[in-house]
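Enquirer: From first to last, the protein sequence lines are chains F and U.
Take the first sequence: its letter number 95 is residue 95 in full-length UniProt numbering, and every next letter is one higher.
Take the second sequence: its letter number 200 is residue 200 in full-length UniProt numbering, and every next letter is one higher.
A portion of the hints provided could be inaccurate.
Same chains, same label: a pair holds when it works inside one copy or across any pair of copies.
Unchecked claim - With a cut-off of at most 25 Å between alpha-carbon atoms, the simulated SDA-like pairs for lysine to any residue come out as follows: (1) Lys128 with Pro191; (2) Lys93 with Leu105; (3) Lys25 with His183; (4) Lys53 with Ile168; (5) Lys15 with Ala194; (6) Lys25 with Glu182.
Source of the hints: derived by calculation from the structure; they are not laboratory data.
If you're wondering where the values come from, they're calculated on a predicted model, not measured in any experiment.
There are 2 protein chains.
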Amino acid sequence: MGLLIVLSGPAGVGKGTVCSALRGKMPDIVYSVSATTRQPRQGEVDGVNYFFKSKEQFQEMIARDALLEHAEYVGNYYGTPRDFVDRTLASGKDIILEIEVQGALKVKEKFPEGIFIFLMPPSMEELKQRITGRGTESQDTINHRMNVAVEEMNLLRHYDYAVVNDQIDAACHRIQSIIVAEHCRSERVMPYLAESQAAIEKA
Amino acid sequence: MGLLIVLSGPAGVGKGTVCSALRGKMPDIVYSVSATTRQPRQGEVDGVNYFFKSKEQFQEMIARDALLEHAEYVGNYYGTPRDFVDRTLASGKDIILEIEVQGALKVKEKFPEGIFIFLMPPSMEELKQRITGRGTESQDTINHRMNVAVEEMNLLRHYDYAVVNDQIDAACHRIQSIIVAEHCRSERVMPYLAESQAAIEKA
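Model the full structure from these sequences, guided by the hints.
Expert: Structural data, given as structure tokens:
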């Protein structure tokens, strides 16, 4: 069985950038494809960029619990098809799901055996600077975003790992290390050991 | 706080070789120094190769629980001084302890927060070949060693990780990954986050 790796973290922390960099570094890992009701853009391919669905198809997927999580955003649905994840894991490959914090917690309810990685800003000070940095927002907007960020940071306790995104390469190296380490966890290796010992005893 | 990393595994699996290779690759990690009652050999330095102790000193260390584990081997005592481990961890450095499986389990009783890594042969078949390979042992000796090896392999369930020693570089890479990953575990990162948030709220 492969591992389900969920990469999440507060808005603005750089999930997408880190995930894109990982694709280049870990080509053997599968990247989850979301389902959406929004129209395909020029060049987007069904099953590669997204699984494009009608609103009726999407609602039917929700009804039969075919999505690990879903959300509505600017009038369109987005979600993670469970079937694609299941098939990838059953083929023995790892799959990475890059997702915002609320969605990640929903995935955890359905998939507690997943590896949940929380991408962190180097410091709360740094996150504050990223949020206020553009200098075009009102103080109210900044305060609101900062409160949301602090709330999102507090969700860290639901995750297995915290990876600081100080530099993209360093963050990728930590994530790669986590994946290697998780494959070495003794409870994953023991079933193979038992098979191997049984083979020896028969011989 | 640094991490205590315990590297163990069945006799003949190559713990010493892997640990030596790790020293070259991870110079920032401290390698535990054992205490012993055996005489120093030419060139051995007290506090570097071993802490050399008299039998009385060693027994006094046992009496005041100053050793994480100890054993007698060919008439001499060997043990792991707890003080050296504690001071290293308090200085913020990781420390690696390379030790046989029985000693590792004793360390776990006193230090359950350690990271316990079990070095494995690529297969039980391979371990059998290593044990029978020299061709100079009686069938009884081989059977005895194989039984011991199977028993030692069954101790894997007490460990956090299993690392296959198929190639030294590959085994070292897995161990390095485990150490990086363990430093990212969210329960280790959360205290720093709380401090950082408190600083932000005050500011």
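Enquirer: With reference to the structure, classify each hint as holding or not holding.
Expert: Results for each hint:
1. Lys128 with Pro191: The answer is between: 19 Å across copies meets 25 Å, while 47 Å in one copy does not.
2. Lys93 with Leu105: within (22 Å within a copy, 34 Å between copies)
3. Lys25 with His183: both (18 Å within a copy, 21 Å between copies)
4. Lys53 with Ile168: neither (33 Å within a copy, 49 Å between copies)
5. Lys15 with Ala194: between (39 Å within a copy, 22 Å between copies)
6. Lys25 with Glu182: both (18 Å within a copy, 21 Å between copies)
This entry does not satisfy hint 4, going by the numbered hints stated previously; all others are met.
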